[in-house]
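What follows is the residue order along each chain.
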Amino acid sequence: MKVYPYRRLTGNVSWRVESAQLKVEGEPWEDVETKYVSTVERVVALGPDEDRPDWNQARLRLSAGLPAKAVDAAGPWQDVKVIAVLTERATNSRTAVELSPVSDDGRERTGELYIHRCDLLDRASLAVHVVATVDHVPGRVIATSDVEWFVDVIEAAPSLARELDVKLIGFASGASRLQRFKDSPWLVDTTGRIPAVRVNTDFDGLGDLVGADGGNGAEKTVRELLLAQMCSEVWTAVFHSAVGDLEIEEDGTPLFPHGWQGEVLREMLPDIYPDREPEGALREVHAARTGASATGWGELQPRIHFAASRRAGVPRTLSTTIRDLERLTQGNDA
Amino acid sequence: MTERPSHLPERLALLTNAEAAEFLVEGLLAGREDVPSIKLNQVAEPLPHADRRGDLRPVRDLVEDAMAYCRDGGLKATRADAWLAPRLHAALRLTRREAADTGLWNYLALGVAPDYVVWRHLPEPKDGKVAKVAADRFRGQYHKQAFARLWWAAELFRDGSDYGPVVTACSNQDILNTALRMSVINHRPTAQAIVRLVAKGVITSGREVNALAGAVNASAATLMYDVIAPDTERESRPLLEWIDEAETARQVPRQDLPTGPHEEPAPEPSVSVLVSYFADLFADAPVRGRDDLEAVEGED
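Chains A and B, in that order, are what the protein sequence lines are.
Residues in the first sequence are numbered consecutively from 1, following full-length UniProt numbering.
Residues in the second sequence are numbered consecutively from 1, following full-length UniProt numbering.
It is worth saying that the hints were derived from the structure and are not from the lab.
Every value quoted in this text rests on a predicted model; they were computed, and no experiment measured them.
One or more hints might be untrue.
[Unchecked claim] When the alpha-carbon atoms are kept at most 25 Å apart in a straight line, the in silico DSS-like pairs for lysine-lysine are as follows:
#1 Lys182(A) to Lys39(B)
#2 Lys167(A) to Lys220(A)
#3 Lys39(B) to Lys167(A)
#4 Lys23(A) to Lys35(A)
#5 Lys144(B) to Lys126(B)
#6 Lys182(A) to Lys167(A)
Chain B on its own, in the form it takes in the complex (with noise of 0.2 Å):
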């Protein structure tokens, strides 16, 4: 299996997607090899800051506990996402701005983690055929990379300083995989409603959330929820604050969740009139196979 890199710098880094590009072979695609680690690190980009949040080494820290809460817990290797998604959110403390360079994903899967990356997302083999870490869970879209998907789902899906909502999410993989991509998710009340669904057992697989996806998605270019659950105004303060802390703050916390920068949560009455509206919506949605009840486990 593909190993933790031999050479770790102390500083994280920023890895383009042309040269993350040339590091994805076949070998490592299948969990064969490892990343040559020091020929990647002379070709990455230092971070435009010297803070404590570029350093490396809490990160990989992190990483690994992820995968030992999985194998000491005997637990699949998707239940990691729901540990470390708000960990790594609070461990690295990005904004958005940050978050949206690939160059820093594609430097955590190949320069810090990549094991992680192949434990995490190689299948099962299937039919003989030699099985492969899709390439995109290394260098790929804010949804499908390994630890992008991560911190997006943190960011979306928390209220506030709150990353209860995060576990949920992140909790069922069909969920998780459907609702990132959504962009009504970027409206936080939508977000919050949608988890509070899943919270509730309205919604219980990818199907269902393709439903009501679907139905939120349709219904969204006739009534703009922006207006009926109004949102509060966005404040960067409590944000850039959190991230000046990061200079002192402890490692985040293993057993209990992390808690994020204090911006206001989501309005708690925008929140309920958009569930009632959802679970009227989505009990008239047509689900493919609601019919026939058959528990279809997501592979991821």
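Bound-form chain A, shown alone (with noise of 0.2 Å):
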């Protein structure tokens, strides 16, 4: 636990998204229809979408609930401030608004925070912090919410989870470089703004079996488990990649990567070492994988294995996909 010089504020903080509006230039604000900001996932996504226009500017209300105890007079906080930022690591953005009091109590705040389209890449986090005068020092962070929020400007549906970039195309008569992977059926890219597959239709039959929406009980069964599939091999390659650029502090420590490589690697690790704090594993995956600790980076492979399976949900369609060719056989039997 980290020891602070001060006294901090326990309890939780909970604080939302209640609203976003957008505008585009020379026009009136608009609101943004509620399908668009889920409190579930924690996501307002703002990419584009047929009844939206190129928007330059919006903006997010924001609402949050201090316990009783934060403005306590006697307490030792004194100037309380909220205090939401929205960051991306990808544009260097950062922007700080605080959120003024609306309750007589000074328990309940709002806010509005202002977003340039143009300030942002792809998808920005908002957290929310407590700020106060701790015994005569001003701008004390005393407390930081564990609830987090993402703005989404490129895709239009709220979701946390991002679907997987799946491009069909003719390896044989495509660009040079995937000219020598002719043979293969699929090739994951990692080297993008966001891991992709690209499906080979020079691949007999493949791009046909991918792309389609219906098709019959088999080929829906055949396609799930091969998208399964798929995914498993861009979690596997997403997180060698990862792991294998990452930046190394002069004590030695691995640093996060930013981007979808960090997130990648935070969201594997816990699987991987299931008893250990994030930088702590990402330490020892890191000197797995340099040969310098005990446990060798083929012996960790099963563990990487097991974790990309996981995400990809191979296990659970593969139960469907033998459960529903059990009952097409059997339908074909009778």
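Assembling the complex is the task here: the two chains are given apart, and the hints tell you how they should meet.
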């Protein structure tokens, strides 16, 4: 546990995004439909959608509630402020805004956060801190809410998890770098903004199978299994490329990368080292990969495989597939 | 040595990370080979706009002038950073959203000026081994890639329209390389306060910046700089107007510093508060090798 040289606020600070509005240059503000703001996933999706214009500016209405002791005049904290901070690593963006009191006791706070489209690439995270003057020192962070929201400017559906970017391409006829893989059914590309799968349409029948929506029962079953398998490969590939490209501090501590690489590691490490904090787990993985620990890189592979297939839902899909196939065979027999 | 590309089209373009990897061959990294520029332009993608700021020639000219500036003045190649960073920023006129696309930086490094990347980043050969440019100077993170690092240094250290602090920040390699990847500088008054300490000579080496960075980061966990040193509210209009002005703007000046977007500078009281706060923090921070005052000059 961290030790602070001043009194911190315990107990939860609740907050949420109440609503969002968008503005197109020269036009009035327009409300964002509630379907784009998910309080369950804690995501605001502001990406392009059919009924939505290309916006320049957005504003989010935020609300927060403080525990009673936070605003107790006899307590250790004076001048209590609630600050929302929006950050995006890819654009090095940082915007802070104060939420002001709206109730007489000062516990309910609201505020508006303005977002400029030209400042963001992809997905920004929104956190809330409580700041106060403690022992005559202003600006002390006395609490940080454990709730985090995301503002997504690419997607139109407010979902924390992202759809896998699957593209159908003919490898033999495509870019020269794909030609050497012309006999491969698919490739995982981890070099882009988000990981992607390239499915080879020159591989007989594969494009139809993966690209189709309906199909008969057997095709559908096989497609789902195939997609789960691809996902699992994606997770394995992104894990390896993220671990292979870590930045190391002077004292040898590996740093969590930005963007999806960091997210992937944070997501998978708890499955690989269930009894460790993410930072400790990352250090272990790095040590194993560079041969600096007793656990070899090879011994780690089954754990990585396990974490990847779990993320990809392979066990679930596989058991469904087996069940479906049994039913299909029985149906044929009948 | 790697030469100017034989084929230079009229417009800048985007080169994905996956495509860029195809051109990162040993011969190029060692500075012995050229980039096959016709092949590269076949796989590059056009910019999503037709603005004049996407013209290739002015950027190529600027890079050549940066090399000439060092060669004619008998200066080390590292000195090009402080000259080129503000001018590249003012020539490209990008939003952060655009600058976060690595495709442009890959294209600049491989399609426009691979000779510059080799000239600037090829280390001296050591122990008889062949010297090689690190691949992330061509294709890499924003604080490593040859052109991205200059653009982001200019973006994060400019004070509104004033590029003066950028020159200070880029004049010391250790400081630039260390400070650029710290996320605390995303708060403008913090970035300005750090530059002031450098300008005042309080901080003079990478080790000192590291020590300050450690202290500033640790302190940021308990103290919110946005509250004790508030910034002005972000306005995007001045930036977008400055980008539109690129249609009629002259080439960036070679002698004087260019002028950036007419944004509000970081509020002076906020910067002053942090300057004195950081100076106190730094006085107490442990600096590696502070006692043996041995000057370690950055390689890069």
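Evaluation of the provided hints:
1. With a C-alpha separation of about 20 Å, the suggested pair Lys182(A) and Lys39(B) falls inside the 25 Å cut-off, and the hint holds.
2. The suggested pairing of Lys167(A) with Lys220(A) holds, with an alpha-carbon distance near 19 Å, which does not exceed 25 Å.
3. Taking the CA atoms of Lys39(B) and Lys167(A), the gap is near 24 Å; set against the 25 Å cutoff, the hint holds.
4. With a C-alpha separation of about 18 Å, the suggested pair Lys23(A) and Lys35(A) falls inside the 25 Å cut-off, and the hint holds.
5. The straight-line distance between the Cα atoms of Lys144(B) and Lys126(B) is roughly 21 Å, inside the 25 Å bound, and the hint therefore holds.
6. A threshold of 25 Å between alpha carbons decides the hint, and for Lys182(A) with Lys167(A) the separation of about 15 Å falls inside it, so the pair holds.
The structure is consistent with each of the numbered hints, conforming to all of them.
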